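S.K.: Residues per chain, in single letters:
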Amino acid sequence: MNKWWIPALTAVAVLHGCASVPRGNIPVVDSGTRVSNSERVSAKRPSAYPTSGGSNQAQSLPEDSGVTVMIPQGSGGAPISTTPISTGPITPGPVSSGPISTNPNPVADEPFDIASMSSAPAATQAPTGIPRSNSGGLSADEQLDGPVLALLTTAQQQQSSGDFNGASSSLERAQRIAPREPQVLFRLAQVRLSQGDAAQSEQLARRALTYANGRPDLQAQLWNTIAQAREKQGDSAGAALARQKARVNL
Amino acid sequence: MTRTRNSRTPKKRPTGRVRALLGWALKLSLVGLVVIAGFAVYLDATVQEKFSGKRWTIPAKVYARPLELFVGQKLSKEDFLTELDALGYRRETSASGPGAASVNGNTIDINTRGFQFYEGMEPAQFVRVRFSGDYVAGLAGANGGKLDVVRLEPLMIGGIYPKNLEDRILIKIDQVPPYLLETLIATEDRDFYSHFGVSPKSIARAIWVNTSSGAMRQGGSTLTQQLVKNFFLTNERSLSRKLTEAMMSVLLEVHYEKREILEAYLNEVFVGQDGQRAVHGFGLASQFFFSQPLQELKLHQIALLVGMVKGPSYYNPRRHPERALQRRNLVLDLLVEQGVATQEVVDAAKKMPLGVTKRGSLADSSFPAFLDLVKRQLRQDYRDEDLTEEGLRIFTSFDPILQMKAETAMSETFKRLSGRKGADEVESAMVVTNPETGEVQALIGSRLAGFAGFNRALDAVRPIGSLVKPSVYLTALEQPSKYTLTTWVQDEPFSVKGADGQVWRPQNYDRRAHGTIYLYQGLANSLNLSTAKLGLEVGVPNVIKTIGRLGVQVDWPAFPAMLLGAGGMSPMQVANMFQTIANGGFNTPMRGIRSVLTAEGEPLKRYPFQIQQTFDPGAIYLVQNAMQRVMREGTGRSVYNVLPSSLTLAGKTGTSNDSRDSWFSGFSQDLLAVVWLGRDDNGKTPFTGATGALQVWTSFMKKADPLPLDMPQPDNVVQAWIDPHTGQGSDASCPGAVQMPYIRGSEPPAGAACGGEQNPAESVMDWVKGWMN
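For the record, the sequence lines run as chains A and B. Counting from 1, position 198 in the first sequence corresponds to residue 198 in the working numbering; the numbering is continuous, with no gaps. Counting from 1, position 181 in the second sequence corresponds to residue 1181 in the working numbering; the numbering is continuous, with no gaps.
FYI, nobody ran anything at the bench for these hints, they're computed from the structure. Check each hint, because a few of them may be wrong.
Stretch by stretch, here's where chain A covers chain B in the computed footprint (C-beta under 8 Å, at least three residues) [as the list claims (entries may be wrong)]:
{"no.": "1", "region": "1068 to 1080"}
{"no.": "2", "region": "1097 to 1104"}
Over 12 Å on every C-beta distance to chain B, these chain A residues come out as not near it, computed from the model [to be verified]:
{"no.": "3", "residue": "Ser-160"}
{"no.": "4", "residue": "Asn-165"}
{"no.": "5", "residue": "Ala-174"}
{"no.": "6", "residue": "Thr-210"}
{"no.": "7", "residue": "Gln-228"}
{"no.": "8", "residue": "Glu-231"}
{"no.": "9", "residue": "Ala-237"}
For the chain A half of the interface with chain B, some residues (derived, Cβ under 10 Å), not all of them [stated by the list, open to error]:
{"no.": "10", "residue": "Leu-151"}
{"no.": "11", "residue": "Ser-168"}
{"no.": "12", "residue": "Gln-203"}
{"no.": "13", "residue": "Lys-232"}
What you are looking at is a predicted structure, and each value in this text was computed from that prediction instead of being measured. Even for Gly, the Cβ is constructed at its ideal location relative to N, Cα and C.
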């Protein structure tokens, strides 16, 4: 239990630092700019992770297109499906065009259009650029149930003693008990990363994000995990984008 | 040997020749001795070679998922007791010792047995489980302290047997329960500790008893001889075999200690036949007859097992309970006679019932379809010899409680529908999985539960009919600029000319056209015309690609008929396809195995949870919404005659041409089930998807009592108020307005609020409505 807080606190502290001190990066506020929908379906992707670089798409941040998903593609992924926010009129009712116009809170929502799989409803989202006040640590930890917390603790011990298979096994046990608890998937993503399976690590973090609405700290950690996973897969551009998302989410 | 004896007969012959004869005899007996010595050396080598090192090959054991206990867990007391019974927990007034349970109202105390799992040892411990409704409300340990999570030991559901089908659970002599060794020795070989392998005393006694009673009542074989006979020799009855047996017994006693011989006997003894499987050793016998580990057996159970050694099939307690009871009590009497147990103890034991597990109970059932799945997955990683000889422990995701519920749902529904003509010839298959983990929890491969044969769940590839439709709608809904759930589509007759020149004219099941409808209605009511039209618009190849992304690689030709389910899949493939929809667009390969341990409990291999996001969660959310409408207002709506309306479910019916295949596939939050009914000869059945498979599915869901479906709304999805008649934007304040989900940006613009009685918007709507009609 106690061991748990140390990395968590450290991570949060670091993230704080990142958020407030943009090291040569564009300030978070501008990060979203107009991102299209990012819904990109690639055609023949050999493996789970996004192809490197944003070279496929002219527009902004294709890599974070969480929405879209990874279909095997032969490398050049032309967007097949359309973006969530489309421009053309849609039967029966006309549809508004720009993403911004439809957003009640454009500033806050902007980043989510980048990767629509990220989350946190607009209502709970503080304006970007202003670090969310943080009481320190993963507050969500305290909400975990007894069994899940117990198994996460066991997994943590196994992981720190180098028993990654045992840790995975304990975490999957926790997952069966609480399949929708994003922290379980988050820990599993981290163990996979330690085991060298960066592709699965990213997938698990993505799955966790779909359950992490309203938990910005955890979202930031998940994006950081995705960043690390992409780094390991040689996708530094994608990693940078994920890191940016991590900052936005704090 | 016979020769030496012969040589002694011509002793009193005339002396002239006597010397020569004696010389010959001496030579012959010398040769005989050499031959015997040689034979003894050979036997000695055989004895030592076979008896040292690994004496038996052990088939892999397959275990069900361990039942997890934690506060807040959804588990009824009845299901818990079913599991405890299957695991052979004794009901006692207060739970004492491993494998004991005591029930007191809503509280159940158990003493778990402990078990070595992949990631660690689960200790044997006292646990007090308190139930409230169908939930675990409290979990406490021996000192009343709160326990976070406890695992029961897993139920063994089968093994992977070699050709000779010998099965056993190895035991060590220091693990046996009190009375076992004494009872065995008292019954089979009371001079065991004093003889040297063969016991002239026992033989004499046997002869005396048998001649005085005029029947073969007692054998003179020692335990050592019995072991030698079973372990080294064939079942042939001849003097030479008997002599070989005696020699080997003596040799065995020379080389090994009594305890070692006794331990080997405990593991070798044949105690029964289970179909083609031979049950060897008291370890397995204890599981086979009592569903309990050997260590936990009480005197009356021990006496039964020991008594059965004399004639395993003659004294089979399941087939001949009275004979077995008599024999058991006779053994118990022997114990008093020989001072092993007191009269009181024996009297108490005699009052006990036989206590063997009931036929048809969970402990006495076999699950061939699931074991077949496990074997197939294992064969990808292991050689046959590894599986049949190394004693591997295979941990699976099999849920015996769900399996029994599935089997009961299947048989009850067939009974209910048996009046329909042709229903008798209908076969069935069923797959039950956890959509969130991709684990297979139950599998039925045949209408006759427990029947090992054609595994239809895996191997019956049949046209899926309308089960294909969600993939058509998913392909469309991935293009929100073109399609939303409320897009108007035409359900009108049309025809297309295929590449081969054939004209394709789809028809609705009711042979009627339904005019202009909302897109989702085509799925909810399984309309062929609008679905086929939509599928042609998005492109047949794209629909087939969608199916691939859902997890099933099909080699269907891109013909329009594929849009209505002319292509075939197995029930397992269907489960995989629907699992991706149920799991928010993340595909998980279906898994039946979690991990493999060696016979010694060392971790060997894990089959980890793996996922792959293949769809935008937004598009999946919309398809789930339409599939919920299948259940609320469409072809699946009969479920709510049986299930509570608070239970949100999503699913799809499927019926192939002429009702040859009746399908239903659907899911809740935590449970996905696919049911197929059809004939092996592909003949017509009296069932559609709704009247056949859905009935089984509904019955199963009622028993399984799953959690309502509740996919978190992805952030690219918005809920918009619309007028149900026009599909135009409306407002929450307007009468009749309904909420529909849309991918953000594709929703109709919000309508004006309807305040008070004045409602200008409504008149507009009415006008639009009139215009639409």
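S.K.: Now look at each hint and say whether the structure bears it out.
M.R.: Taking the hints in turn, this is what the structure says about them:
1. Coverage of the region 1068 to 1080 of chain B by chain A holds. Counting CB-CB distances below 8 Å, 5 residues qualify, and the rule asks for three or more.
2. Counting residues of the region 1097 to 1104 of chain B whose beta-carbon sits less than 8 Å from any beta-carbon of chain A gives 0, not enough to reach three: the coverage restraint is violated.
3. The beta carbon of Ser-160(A) is kept farther than 12 Å from every beta carbon of chain B, the shortest such distance being approximately 14 Å.
4. Its closest Cβ contact with chain B, about 6 Å, brings Asn-165(A) to no more than 12 Å, contrary to its assignment away from the interface.
5. Annotated as non-interface, Ala-174(A) brings its C-beta within 12 Å of a C-beta of chain B; the closest such distance is 9 Å.
6. The Cβ of Thr-210(A) sits about 6 Å from the closest Cβ of chain B, inside the 12 Å cut-off, so the non-interface label is violated.
7. For Gln-228(A), the requirement that its beta carbon stay farther than 12 Å from each beta carbon of chain B is met, with the minimum near 18 Å.
8. Even its closest Cβ contact with chain B, about 19 Å, leaves Glu-231(A) beyond 12 Å, as expected for a residue assigned away from the interface.
9. No Cβ of chain B comes within 12 Å of the Cβ of Ala-237(A); the nearest lies about 19 Å off, and the non-interface call holds.
10. Hint on Leu-151(A) holds. Least Cβ distance to chain B is approximately 7 Å, under the 10 Å limit.
11. The interface hint given for Ser-168(A) is met, as the beta carbon of that residue sits about 6 Å from the closest beta carbon of chain B, less than 10 Å.
12. The interface hint given for Gln-203(A) holds, since its Cβ lies 5 Å from the closest Cβ of chain B, which is under the 10 Å cut-off.
13. At about 17 Å, the closest approach between the beta carbon of Lys-232(A) and any beta carbon in chain B exceeds 10 Å, and the interface hint on this residue is violated.
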